[in-house]
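Please model the complete structure; the sequences and the hints are all you need to start from.
Just so you know, the sequences run in chain order A and B.
At position 101 of the first sequence the residue is numbered 101 (our numbering), and the sequence of numbers has no breaks.
Adding 112 to a residue's 1-based position in the second sequence gives its number in our numbering.
Accuracy of the hints is not assured; some may be wrong.
Okay, derived cross-link-like pairs now, DSS-like style, lysine-lysine, Cα gap no bigger than 27 Å in a straight line [unchecked claim]:
(1) B/Lys181 / B/Lys129
(2) B/Lys169 / A/Lys104
(3) A/Lys104 / B/Lys177
According to the in silico footprint, chain B covers these stretches of chain A (three or more CB under 8 Å from chain B) [unchecked claim]:
(4) 41–50
(5) 102–109
Only some residues are given here: those of chain B computed to face chain A with a beta carbon under 7 Å [claimed, not checked]:
(6) Gly154
(7) Gln157
(8) Tyr160
(9) Val164
(10) Phe202
(11) Thr215
(12) Phe218
(13) Gly219
(14) Pro220
(15) Gly221
No lab work stands behind these hints: they were computed from the structure.
Remember, it's a predicted structure, so these values are computed and weren't measured experimentally.
In this text, a Cβ means the ideal position worked out from N, Cα and C, and glycines have one as well.
Listed below, chain by chain, are the residues.
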Amino acid sequence: SQKIEQNSEALNIQEGKTATLTCNYTNYSPAYLQWYRQDPGRGPVFLLLIRENEKEKRKERLKVTFDTTLKQSLFHITASQPADSATYLCALDIQAGTALIFGKGTTLSVSS
Amino acid sequence: EAQVTQNPRYLITVTGKKLTVTCSQNMNHEYMSWYRQDPGLGLRQIYYSMNVEVTDKGDVPEGYKVSRKEKRNFPLILESPSPNQTSLYFCASKRTSGGRTDTQYFGPGTRLTVL
Numbered sequence: 001s002q003k004i005e006q007n008s009e010a011l012n013i014q015e016g017k018t019a020t021l022t023c024n025y026t027n028y029s030p031a032y033l034q035w036y037r038q039d040p041g042r043g044p045v046f047l048l049l050i051r052e053n054e055k056e057k058r059k060e061r062l063k064v065t066f067d068t069t070l071k072q073s074l075f076h077i078t079a080s081q082p083a084d085s086a087t088y089l090c091a092l093d094i095q096a097g098t099a100l101i102f103g104k105g106t107t108l109s110v111s112s
Numbered sequence: 113e114a115q116v117t118q119n120p121r122y123l124i125t126v127t128g129k130k131l132t133v134t135c136s137q138n139m140n141h142e143y144m145s146w147y148r149q150d151p152g153l154g155l156r157q158i159y160y161s162m163n164v165e166v167t168d169k170g171d172v173p174e175g176y177k178v179s180r181k182e183k184r185n186f187p188l189i190l191e192s193p194s195p196n197q198t199s200l201y202f203c204a205s206k207r208t209s210g211g212r213t214d215t216q217y218f219g220p221g222t223r224l225t226v227l
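In structure tokens:
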């Protein structure tokens with residue numbers, strides 16, 4: 001069966017450091033992968049999308065990589081701030097745009 | 113403001129009492145979807161709709177119904193709620209004219225408790 005895993009439930013880092021979150025998947029070849037941010041009790045908010053033919057995507061302090069050979073995506077937040085504390089979800093397109101399968105998320109805590 | 117709205121935001125009900133959670137979007141999106149989110153299980157898709165009068169099952173459709181009579185609205189119906197449907201529910205929408213890569217916009221969530 002299709003499986004998507006985010007390698008840690010929680011990640012604690014200090015302000016100013018780079019946070020790196022991992023998303024691994026099996027048994028599927030998605031055309032693209034997305035990353036979302038979710039704050040407690042709120043809906044996920046889209047951050048970045050990376051296509052299968054792209055190695056890397058950047059947006060301000062965010063960077064996403066996508067290795068279709070390893071079936072892995074890395075999500076980086078550089079110069080992290082306490083305001084970056086949230087749960088981050090990765091999601092794969094699994095059905096020609098009709099369905100996204102989500103990982104369970106990694107909760108990032110940035111301490112000052 | 114472009115947004116997806118859900119009502120109610122919080123609901124406590126009893127087993128077997130029919131309820132409807134409404135979802136509305138003002139972005140003229142063709143695609144709408146319902147998810148539930150449970151601790152340890154993540155977000156799982158319940159139903160989705162590609163356009164008016166076109167709906168299909170997601171991963172966990174049992175115990176739920178949907179309808180799409182208007183483009184902007186996509187209500188989720190629980191005909192006979194049970195305690196295992198206690199969850200946090202999210203509605204989402206996206207444009208499909210741009211193809212597979214259009215991002216989803218999520219509503220604020222509805223926290224449902226079935227006693």
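Each hint, compared with the structure:
1. B/Lys181 / B/Lys129: 23 Å, holds
2. B/Lys169 / A/Lys104: Holds, at roughly 21 Å.
3. A/Lys104 / B/Lys177: Measuring from Cα to Cα gives roughly 25 Å; hence the hint holds.
4. 41–50: holds (count 7)
5. 102–109: holds (count 4)
6. Gly154: Nearest chain A Cβ about 4 Å off; hint holds.
7. Gln157: 6 Å, holds
8. Tyr160: 6 Å, holds
9. Val164: With a minimum Cβ separation of about 16 Å from chain A (threshold 7 Å), the hint on B/Val164 is violated.
10. Phe202: With a closest approach of 5 Å, the B/Phe202 hint holds.
11. Thr215: At 4 Å from the nearest chain A Cβ, B/Thr215 passes the 7 Å test, so the hint holds.
12. Phe218: 3 Å, holds
13. Gly219: 5 Å, holds
14. Pro220: 5 Å, holds
15. Gly221: 5 Å, holds
Hint 9 from the list above is the single one not met by this structure.
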